[in-house]
Amino acid sequence: MNRIHIRNFCCALPALVLLVALAGCAPKQRVPLDCVPEQVTIYVDGHALEETPDELELRADEPHKIYFKGKGYEPQLIVLESGTDSDGVAALAPAEVCVELVAVEVERSLTLTPEVEPTPASPAPSP
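Our numbering applies: residue 7 is where the sequence shown begins, and numbers increase by one.
In case anyone wonders, no lab produced these hints; they're calculated from the structure. No experiment lies behind these values; they were computed from the predicted model shown. Be a bit skeptical, because a hint or two may be false.
Just the calculated beta-carbon pair ranges, DEER-fashion [said to hold, decoys possible]: (1) V108 to P129: 55 to 61 Å; (2) L118 to P81: 31 to 37 Å; (3) P38 to V108: 19 to 25 Å; (4) A109 to A32: 37 to 43 Å.
All residues carry an ideal CB built from backbone N, CA and C; glycine is no exception.
From just these sequences and the hints, can you work out the full model?
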């Protein structure tokens, strides 16, 4: 019985190695990234990046979502769609990401609340 399990394992091992090798060979694309302001948090497919890179290296055979978020700015979402170029090779579009976040306008108002109740005006003296 043990020989059958060992034989099955030995037959499955090359297939497993080939599967892992093919998964690691997925086509990748470098996507230049330009963001204004630079002090924002960038999320790629839901994962926050520790720093703002000049470019991203992403799998070209699947779509990606890039989310930009910064304090005082409206967040922005960019979706990179996967397709094929004129040679039939997997490619992301847009091929370059340039984002300029818009500052959020904050309405400011001042409300004063008196600490002491105002005293009523005394009536005018009679003549």
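Hints and how they fare:
1. V108 to P129: 55 to 61 Å: holds (58 Å)
2. L118 to P81: 31 to 37 Å: holds (34 Å)
3. P38 to V108: 19 to 25 Å: holds (21 Å)
4. A109 to A32: 37 to 43 Å: Because 38 Å falls inside the window, the suggested range holds.
In terms of the numbered hints stated before, the structure departs from none.
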